[in-house]
Amino acid sequence: MNRAVNLRLYDYELDENGYKVRLALGALGLACETVAVDMVPGAEQTRSPLIDLNPLGTLPILVDGATVLREAEAILAYLARRYDPAGTWLPQEPAAFGETLMWLAFATRELHAASLARRAALFDHPGDGPDLERRARAAFRIMEDHIVLRGVSGADWFAGTGPTIADLALFPAFALSRDFGIDHEAYPGLRRWSRRVRGLPGFCTMPGIPDYH
Amino acid sequence: MDEPDGWYAVALGADIEPSTSAGTRLFGHELVVWRDAAGAVHVWEDRCPHRGMRLSFGFVRGDHIACLYHGWRYDAAGQCRFIPAHPDLDVSPMIRTRTYPCRERAGLIWVRWGAPADAPETAPDAAEAVPVSPLRSLYLDAPAARLAVALGGAGSDGLTRIDLDGSSVLVAVQPLAAEASAAHIVVPVPPDAPAADLARLAAACVALRRSIEGAVP
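Order-wise, the sequence lines are chains V and D.
The UniProt record's numbering puts the first sequence at residues 1 to 213.
The UniProt record's numbering puts the second sequence at residues 1 to 217.
You may find that some hints are simply not true.
With beta-carbon atoms standing in for the labels, derived distance ranges [unchecked claim]:
#1 D:Ala145 - V:Val40: 25 to 35 Å
#2 D:Pro4 - V:Pro207: 21 to 31 Å
#3 V:Ala95 - D:Ala203: 38 to 48 Å
#4 V:Val5 - D:His29: 44 to 54 Å
#5 D:Pro4 - V:Gly181: 24 to 34 Å
#6 V:His125 - D:Asp197: 19 to 29 Å
#7 D:Asp2 - V:Pro201: 43 to 53 Å
#8 D:Arg61 - V:Gly202: 21 to 31 Å
#9 D:Arg51 - V:Asp131: 40 to 50 Å
#10 V:Phe123 - D:Val130: 19 to 29 Å
#11 V:Ala95 - D:Arg200: 12 to 22 Å
#12 D:Pro4 - V:Ala43: 32 to 42 Å
#13 D:Asp197 - V:Ala95: 18 to 28 Å
#14 V:Asp211 - D:Met94: 38 to 48 Å
Some chain D residues near chain V, calculated using beta-carbon distances under 7 Å [said to hold, decoys possible]:
#15 Thr24
#16 Leu89
#17 Ala177
#18 Glu179
#19 Ala199
Derived by calculation from the structure, the hints in this document are not laboratory data.
C-beta: ideal position from N, C-alpha, C; glycine also.
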């Protein structure tokens, strides 16, 4: 049952960054009012009134009372700290905390190439397709090596001992990779990990991620 | 590319969990590798005869795999048994996918490539039932021939024993396409091998890939 809190999310259904936040809301069992933004083709987030909430003109934006946040990874960290009293999604233990932040940075930086590749493929955004695909593959390979190494050591998740917001931030780029022509053939470890993510309580899909489990 | 007949490993058995499917390639041909709910593995052409969708995108239910597009459901013999849009239809025996003989040996899933339809389905010769721990599948941006040379000149059929960071491991080479290959690596020890050893060897795999791809700085 979703907890009633006063959250509002400005979101675009096809945006993988908004999807990260939806995954976190589901995992934490939080109800949220969603405001659908015409990001493509309208670019509504770049005009008033949304530009007044977020001067970067990006999505998603989360409003919780007086708190206004942009950047999916920051929103994930906020939601975990604010609404996960057990502290498992953003671990307290220093090493697990550091690992979680390390992979959050990876999700915003290395996986940005995957995000741009997907926008180029789906929305005709400008971008060097082959170069973006090469960089996305390089990022997925680093994720595959890590999760395989974790697996032979008996760990199932990217950081710490259980699922964290790092897993939620990393999942969309991989799960949506076929949108921009990268198959899952070369990533058996990530295939098995994404199946575990799909099995998390409160998991939700989005267009491009089939709902069959 | 040349496509020698033989048995080829296409996955670690542990990487294809019950009721899941995965797409792969052999000599550029797209294959779906899937395991039914009872644990049996299947290797087919990765193509739904209806609209050509890859079956590896679909989902496994019991001993059937269903296409993601329109839910056409195929039994373990590759025969279409159910079409959701025509639930009362007795599906024609013509609607079937191409299947390949496959086996699980030495922790690997093998497919028989190039066998005539009436050939006896013998097991892969080199892959006797040795107790192994699965290590990992390593996907390389390099032709299978270069991988085979790096492993000590072994052929691309069966298992090759190599030294990896001081330990003996078994490698099966999968030619994916002209410029891509996979090395499926298992450790010939009982499944209760120390995790620390496996972690060391999994890390050594990354160095092996780097040296084969020629990316050593």
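Evaluated hints:
1. D:Ala145 - V:Val40: 25 to 35 Å: Once the Cβ atoms are compared, 45 Å apart, the range 25 to 35 Å for Val40 of chain V and Ala145 of chain D is violated.
2. D:Pro4 - V:Pro207: 21 to 31 Å: violated, 43 Å
3. V:Ala95 - D:Ala203: 38 to 48 Å: Roughly 19 Å apart at Cβ, these two residues miss the hinted range, so it is violated.
4. V:Val5 - D:His29: 44 to 54 Å: Given a distance of about 52 Å, which is inside 44 to 54 Å, the answer is holds.
5. D:Pro4 - V:Gly181: 24 to 34 Å: Check passed, 29 Å falls within 24 to 34 Å.
6. V:His125 - D:Asp197: 19 to 29 Å: violated, 47 Å
7. D:Asp2 - V:Pro201: 43 to 53 Å: holds, 50 Å
8. D:Arg61 - V:Gly202: 21 to 31 Å: For Gly202 of chain V against Arg61 of chain D, whose Cβ atoms are near 24 Å apart, the range 21 to 31 Å holds.
9. D:Arg51 - V:Asp131: 40 to 50 Å: For Asp131 of chain V against Arg51 of chain D, whose Cβ atoms are near 32 Å apart, the range 40 to 50 Å is violated.
10. V:Phe123 - D:Val130: 19 to 29 Å: Because 51 Å falls outside the window, the suggested range is violated.
11. V:Ala95 - D:Arg200: 12 to 22 Å: holds, 20 Å
12. D:Pro4 - V:Ala43: 32 to 42 Å: violated, 55 Å
13. D:Asp197 - V:Ala95: 18 to 28 Å: This hint holds: roughly 23 Å between Cβ atoms.
14. V:Asp211 - D:Met94: 38 to 48 Å: violated, 31 Å
15. Thr24: holds, 5 Å
16. Leu89: violated, 22 Å
17. Ala177: violated, 10 Å
18. Glu179: Cβ of Glu179 of chain D sits 13 Å from chain V, so the hint is violated.
19. Ala199: holds, 5 Å
Going through the hint list in order, the structure does not satisfy hints 1, 2, 3, 6, 9, 10, 12, 14, 16, 17 and 18.
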